[in-house]
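Engineer: Each protein sequence line maps, in turn, to chains A and B.
The opening position of the first sequence corresponds to residue 1 in my numbering, with each subsequent residue numbered one higher.
The opening position of the second sequence corresponds to residue 1 in my numbering, with each subsequent residue numbered one higher.
It should be emphasised that the hints constitute simulated quantities derived from the structure, not laboratory data.
No experiment lies behind these values; they were computed from the predicted model shown.
Distance condition first, Cα-Cα at most 30 Å in a straight line; then the derived DSSO-like pairs of lysine-lysine: (1) A:Lys151 to B:Lys100; (2) A:Lys7 to B:Lys123; (3) A:Lys35 to B:Lys100; (4) A:Lys74 to B:Lys150; (5) A:Lys35 to B:Lys103.
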Amino acid sequence: MDISRFKPTTVYTIYIAATPEKVWQALTSAEFSQKYFFGNSVAIELRIGGAFIVRTPDGALHISGEVFECDPPKKLTHTFNVNWPALIEKLGPTLVSYEIEPAGQAVKLTMTESHDRPIDDDILSGGRAGWPAILSSLKSLLETGNALEVKMAPPQRMLDALKRLGIGTP
Amino acid sequence: MSKPEFIYVTYIETTPEKLWHALTDGDFTERYWFGARLKSDWKAGSSFEMLRDDGTVSDRGEVIEVDRPRRLAYTFVNISEKYKSDRPALATFVIEPYGKLVKLTLTQEGFAEGSKFLDGISKGWPAIMSSLKSILETGHPLQIPFEALKIES
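Model the full structure from these sequences, guided by the hints.
Structural biologist: Shown next as structure tokens:
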């Protein structure tokens, strides 16, 4: 897969009072992700070609992907394919990239979601709602020791758009 | 082509009243907003100014909407030579209770064609909003040098 063909559709930048290593650890460990990522646990093999897996709190496979760039603690890029029937056939893969840069005594974290074809705003509304909540919670966790309790259902406009395309959701 | 605008959402463990105070009190903004002191009487139609440490004005605009503690809107633009072909752009803050949290949605729109100011605010807002979240949740703003924003000169 040629990741240079992917175009950014959503970019979110947040500054965190932490070290790049701490931010990297938060992005790549199950223990941290369970606290800030709606209870989901991340497992990632930190090498190019390694597997990226997200499981829901009940252990079900939710997201899977493959690592394309891995330069700790600066850059991590992997596919991020939600496990919904026909999603990848209809919409193609989703690519997520994190850049971690020092900014004075803080760290600048930039998340970029990209796709290899045009994607409707209704579909993108899911990520656009989710990323600010997930990354706000990650920041709180690293700065205060406590993640935020953000309860969020997938946006109805996204669910309707998926249904129209014949993509199944749980 | 979509119209040029900037949107930023963040969730903060605070109350709508505390967030409103943080967005409108000059003594407070100076602590987390790269030293900027906001100055206005916060009435629709009133003037809005951003002051530097030395008291000089960096940005000017007008208050458009005040619905405490839910919605605040004002226009502003940086008055330096660099942004001379820019016009004041409308920043709207929407504050919503969200469980035990507050959801803050910031939108800024109405930029001139080829706006340089849009580049500036697109790099500035994530740092300012992040520092705002930190000061409300931990009592301490972030220490980010302005140069780290890499705003085009």
